[in-house]
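K.L.:
Let the hints inform the model, and build the full structure from the sequences given.
Note that the protein sequences, when read in sequence, are chains A and B.
First residue of the first sequence: 1, per our numbering; consecutive thereafter.
First residue of the second sequence: 1, per our numbering; consecutive thereafter.
Rather than coming from a laboratory, the hints here were simulated on the basis of the structure.
A portion of the hints provided could be inaccurate.
What the hints assert, rightly or not - Under the rule of at most 30 Å between Cα atoms (straight-line distance), these lysine-lysine pairs were calculated in the DSBU-like manner:
# : chain 1 : residue 1 : chain 2 : residue 2
1 : A       : K178      : A       : K40
2 : A       : K178      : B       : K11
3 : B       : K10       : A       : K40
4 : B       : K116      : B       : K11
Stated by the list, open to error - Partial list, computed: chain A residues near chain B (C-beta under 7 Å):
# : residue
5 : S11
6 : A125
7 : I127
This structure is a prediction, so every number in the text was calculated from the model and none was measured.
Backbone N, C-alpha and C fix where the C-beta goes; we use that ideal spot for every residue, glycine too.
The primary structure of each chain is shown beneath.
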Amino acid sequence: MELTLWEFIWSLILGIAFGIALQKAQLTKYSKIVNVFRFKDLSVLKFMLTTLITAMPLIFILKGMGALSLSNVNPTYFLGNFVGGAIFGVGMAAAGFCPGTVAGGIGQGSLDYLIPGGLGFLTGAYIFGQTYTSIFTKISSIGNIGSITIPEWLNLNQWLFIFFFVQMTLVLFYFLEKKGIE
Amino acid sequence: MDWIIEQMRKKTWSPYAAGIFFGLVNVLALIMISKPLGASSAFGKLVGLGLEGIFPKAADIMYFKFVSTPGVNFTVIILLGVVIGGFISSKMSGDFRWRTVTDQQWIDMFGPSMWKRWTVAFLGGIILEFAAGLAGGCTSGLAISGTMQLAPSGLIFIGGLFTTGILTSLLIYGKRW
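P.N.:
Structure follows, in structure tokens:
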């Protein structure tokens, strides 16, 4: 075990809450995931954006108060982030799950998520490990600007950026609900 | 408490309600374990652990020695928690069922064949986990955890994901898109 008892307990609680959120939003279902790409049901998009506009302002307010520090900001390397995302989209639209929702789906009794899905993820992780030096280290060095935030990178006011992000999302939600788009 | 049980018995929460809840969970993760949530890296830890036990030679590569050392860390516990959370949620709402083929929409499109679904699930898993490694995270660990911390990579990933997601579904569904 590479973690303390405290970390173990909290990781478990956070994971359980994570699984409940995914299952209650029905993102553990094939159709919910695939239909966002067909513009038939935008639940995935609504869920992701609501999560973002809830967490983003809170995180930066707490950071401003010194209650938390951001030490794990995901590194940016343009080509790899985009190509990785593009390959990911193919898998997500075909299979109808992603790494988190596959776990939540196992919990609801989906055997296609547990057996072939789980084995697929383990195989994929092995292939990634095997090709790490030949593919990942090369692609992640292209356009690598490291662990910085958008406001730091573009020299924008952080609060203004967050404000616009939240506001634009709320405007989008307003129109989606007004037009009755699920 | 009654209110919580009432909510847990519901089969579906609105994506807005579930999103607010998940947003708070993501913030709590940064406060309590000083790490953003994610799901994809746990599979690397687990496959390394399995290989170490069965084929130690296969685990004897740079990646498992230095980058993702085999073992149980917080990401593995989180992933285990997600399975338990999915179980609690579906059990309480009556949505729990052993399913071999995912849902009605799949059956309408591709038929009831279990092997067809299982083949796509297996290949999809490979593609998704490899891609998440390359991108530096998945829908949770990069699209959400990255973007909420204002990392450019989160939005770049979302852009790539939706571009090919839309194209792939168009290709698969054709006239029925």
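K.L.:
Hints first: check each against the structure and report whether it holds.
P.N.:
Now for the hints, and whether the structure bears them out:
no. : hint           : in the structure
1   : A:K178 / A:K40 : holds, 16 Å
2   : A:K178 / B:K11 : holds, 25 Å
3   : B:K10 / A:K40  : holds, 23 Å
4   : B:K116 / B:K11 : holds, 28 Å
5   : S11            : holds, 4 Å
6   : A125           : holds, 4 Å
7   : I127           : holds, 5 Å
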